[in-house]
Amino acid sequence: MRGAIAGRWWLIGITAALVAAWLLPGLVGRYYTQMLALAGIYAIVAQGLNLLAGYAGQTSLGHAGFYAIGAYCGALLATKLGFGFWSALPFSMLLAGVAGVLIAVPSFRLEGPYLAMVTIAFGIIVASILVEWSDVTGGTQGVLNIPRPEIFGTRLPLERQFVLIILILALTTLLMRNLMRSPWGRAFMAVRENPIATEAVGLSTRRVKTIACTLSAALAGLGGHLFAFFQGFISPEAFEFEASIFFLTIVILGGAGTLAGPIVAAPVMVFLPELLQRFIDYRLIIYGTLIVAFLYALPLGIVGSLFRHWGRRPAYAPIGAAAEVATAQPAPSVRANTSGPVLELEGVRMSFGGVRALNGVGFAVEPGTIHALIGPNGAGKTVLLNVIGGYYRPTEGRIRLRRRDITGISPHAVARLGIARTFQTAQLFGEMTVLENVLIGFPGQTVGRLLDSALVTPRLRREEAERVAAARQLLDFVGFRGDLDARANSLPFGHQRLVEIARALAMNPILIAMDEPAAGLNRIAVLLVEHHMDLVMGISNRVTVLDYGEKIAEGAPAEVQANPLVIEAYLGAEDIDVPIAAPISA
Amino acid sequence: MFQLVLSGLALGCVYSLVALGYHLTFITSRTLNFAQGSAMMLGAVITLILVVDFNWPTLPATLVSILLLGVFGLALERFAVRPFVRRGSMAWVMSTLAVGIIVENVAQLIFGKSPRGLPNELAQDPVMVGGAGIYPLELLIPVVVLAIAVAARLFYGSTMLGRALRATAFDREASLAVGINVDWMIGLSYAASSMLAAVGGVLIGPLIGVSSHMGFLIGLKAFAVAIVGGLEHPLGILIAALAYGVVENLIGGHFGSSAKEIFGFGLVILVLFLRPAGLFGRTRLRRI
Chain A
1 MRGAIAGRWW
11 LIGITAALVA
21 AWLLPGLVGR
31 YYTQMLALAG
41 IYAIVAQGLN
51 LLAGYAGQTS
61 LGHAGFYAIG
71 AYCGALLATK
81 LGFGFWSALP
91 FSMLLAGVAG
101 VLIAVPSFRL
111 EGPYLAMVTI
121 AFGIIVASIL
131 VEWSDVTGGT
141 QGVLNIPRPE
151 IFGTRLPLER
161 QFVLIILILA
171 LTTLLMRNLM
181 RSPWGRAFMA
191 VRENPIATEA
201 VGLSTRRVKT
211 IACTLSAALA
221 GLGGHLFAFF
231 QGFISPEAFE
241 FEASIFFLTI
251 VILGGAGTLA
261 GPIVAAPVMV
271 FLPELLQRFI
281 DYRLIIYGTL
291 IVAFLYALPL
301 GIVGSLFRHW
311 GRRPAYAPIG
321 AAAEVATAQP
331 APSVRANTSG
341 PVLELEGVRM
351 SFGGVRALNG
361 VGFAVEPGTI
371 HALIGPNGAG
381 KTVLLNVIGG
391 YYRPTEGRIR
401 LRRRDITGIS
411 PHAVARLGIA
421 RTFQTAQLFG
431 EMTVLENVLI
441 GFPGQTVGRL
451 LDSALVTPRL
461 RREEAERVAA
471 ARQLLDFVGF
481 RGDLDARANS
491 LPFGHQRLVE
501 IARALAMNPI
511 LIAMDEPAAG
521 LNRIAVLLVE
531 HHMDLVMGIS
541 NRVTVLDYGE
551 KIAEGAPAEV
561 QANPLVIEAY
571 LGAEDIDVPI
581 AAPISA
Chain B
587 MFQLVLSGLA
597 LGCVYSLVAL
607 GYHLTFITSR
617 TLNFAQGSAM
627 MLGAVITLIL
637 VVDFNWPTLP
647 ATLVSILLLG
657 VFGLALERFA
667 VRPFVRRGSM
677 AWVMSTLAVG
687 IIVENVAQLI
697 FGKSPRGLPN
707 ELAQDPVMVG
717 GAGIYPLELL
727 IPVVVLAIAV
737 AARLFYGSTM
747 LGRALRATAF
757 DREASLAVGI
767 NVDWMIGLSY
777 AASSMLAAVG
787 GVLIGPLIGV
797 SSHMGFLIGL
807 KAFAVAIVGG
817 LEHPLGILIA
827 ALAYGVVENL
837 IGGHFGSSAK
847 EIFGFGLVIL
857 VLFLRPAGLF
867 GRTRLRRI
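Line by line, the protein sequences are chains A and B.
So the first sequence is residues 1 to 586, counted in this note's numbering.
So the second sequence is residues 587 to 874, counted in this note's numbering.
Just so you know, these hints were derived from the structure itself, not from any lab.
Positions of the beta carbon are idealized from the N, C-alpha and C atoms, including for glycine.
Not one of these hints is a red herring.
Rough simulated footprint, nothing fancy, chain B against chain A, three-plus residues with beta-carbon under 8 Å:
| id | segment |
| --- | --- |
| 1 | 243 to 255 |
| 2 | 289 to 300 |
Residues on chain B that point at chain A, a partial pick, calculated with CB under 7 Å:
| id | residue |
| --- | --- |
| 3 | Leu618 |
| 4 | Arg673 |
| 5 | Ser675 |
| 6 | Ala677 |
| 7 | Leu683 |
| 8 | Val692 |
| 9 | Leu695 |
| 10 | Ile813 |
| 11 | Glu847 |
| 12 | Ile848 |
| 13 | Phe851 |
| 14 | Val854 |
| 15 | Ile855 |
| 16 | Leu858 |
| 17 | Phe859 |
| 18 | Pro862 |
From just these sequences and the hints, can you work out the full model?
Below is the structure:
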């Protein structure tokens, strides 16, 4: 029942927005209607930018480029090829989306200022092309006489265009809301919060970033298209670098990563210059000062600060969380065991520059065993796990998972094939909730399922409910007793570790590679890096000892403990007289 | 052709001065001063006002202008960067951009919209070098940049302050632990970056004219070369800046100015695609 009612709130919201949009022009007059319509268009573009910069954390300083592509595509199709508003619309969004892919691909490996540079360069290139390619774009003159949008053959008057813009804004907001409460939204935020962990749960950061950039660009294209048909003319000035800053300011002022942020901030940014109209000469000076003041006073943006004030997180409960599903979920299942080792390493070497971190390591992990990997500090244990996990490509050697060669494949592919990983310091998605952190681990929820996320299909609702139930069970299974809606970065370290293990289990792995977890698990093969000897010796079936990048011993715990080489590696040569009372934990 | 190369080199030198400013603030504080272009413009505008309106000789006017820009840099860091960095926020991107907008419009208010010439004896009569007519100033520019580079080298290597700056760049925590005033070092890097920009503005002003919006595109291009060279590699930045200046001038000379931006920034995207940390930067292996 709750789901059914909650599912209707958006309908009420959209209806209210439309009624308001229908009545408002009569109250505020033509001029302000025009301003509000512009604000609506900017909010749509900012909503798209918010998806990329706010949720997925990839700041773009070139969104005016996508906006321009949508505007010019729509305008040119209409004026040169006789398209209408509606028939040109898909092309404007598509072309901007394609540009989004083209920008995402060269940016895969870029971070921070380097990423910002590509987006700036893109924006400037587009703006320059608009001027340069004057045969098509009309150069500095731009495109004139763009027909107004029509519905059933009637040109819409300004008041009704305004309603149309608000309708589209409401729909994009709904789309964003759906996305952010579903698996794809989790994926976007995951990339922002922790790219390493994103790969570790089997999500390709490249794919997620590309989708985010494409959707974001398509929304900017939609905004541009609306702008062209609403204005009736366009020229290059509207699409320069300043416009990109303007859109980013709306996002940040409203609150990056908040749903309502762009809708609140766009009108502020449109009306602020109007208020300053009588200080025409000082306008931009006051404008700049106000931006700095806003940033200073509202570090999380208008909406973000309000949320903080009310003690709420500006995110949305996962769809499944509201559903009260009592279906008994099977406990974490283990993939069918086949005979032979789960994981085999053969002559793995890893050099960093001149430093040899691993020098021909080879061993095998048998199914259903706990295999400990020990060794003094700097022996290469974590490096070995990183090589297995695909984070480092080994200089030499082979790694096989269930006889399949996985050497050198990317971390998310390794994860998807069934190796889950926990890290020396727990790698969680800090600003996401405990529940979301585990939910993201379940396989098969994103790839090829974007429409499910965007539309919140019944299938998605059902699956999300199942995932939520399973996630609760897993958290219970690992002994997590805290608040499931707490932000992961607010948890004490011990709890973070539990959540990380629950997430690894959610992936339904063949093997869990744990870096110093100080906590044991059975039933799945476990490859464990650990310093706590009592733990290692107590729970492990098999122990491999590394020193200076080489395997110096392997065997059952008792054998290894008695091995003189191991004793020497840990305690140094015999003649050094150090009294040892307890097991070494370096 | 040869002329385009020579004047491209001069232009590239100016880019490198502004770009090294991005480098300086980045290494000390991981922030970038997006008001660099405006600082460059401000340097040129102040010099012009002192020289033309107050009849000062060029050299003292230049020095005063550079000093004022140092103060500007300190203030910018204190009020538009530090408060945000303290919170771990990225809002310094927007705030330095906003300061750029403010500065540009204040300059426009005082200075007017139309560009004015900054008179300089060295930019009046071209001299012939290898068959190309070139202003002596364009030959002086590389000399000035070289002198600054050598001075910076000495300053970093053999003064306490230089070492403290380098220490801050290398490891902020450790610098705090040995008693270096890290905030002051970051402030100084902002001052130095604005002063470098001002030198660039004074050098290029006589060649391209001084206006309130002269800094915008140069500031962006300087950012581009700083990125392409590798933000942490001053030598890489210098090389990238010179190359950009020359290539851009050659393309501009043959295909016009819009084509220049399209090719120039297109090249930037291509380089970053191939070398994600810039031409001379190395992608660091992430520690997990």
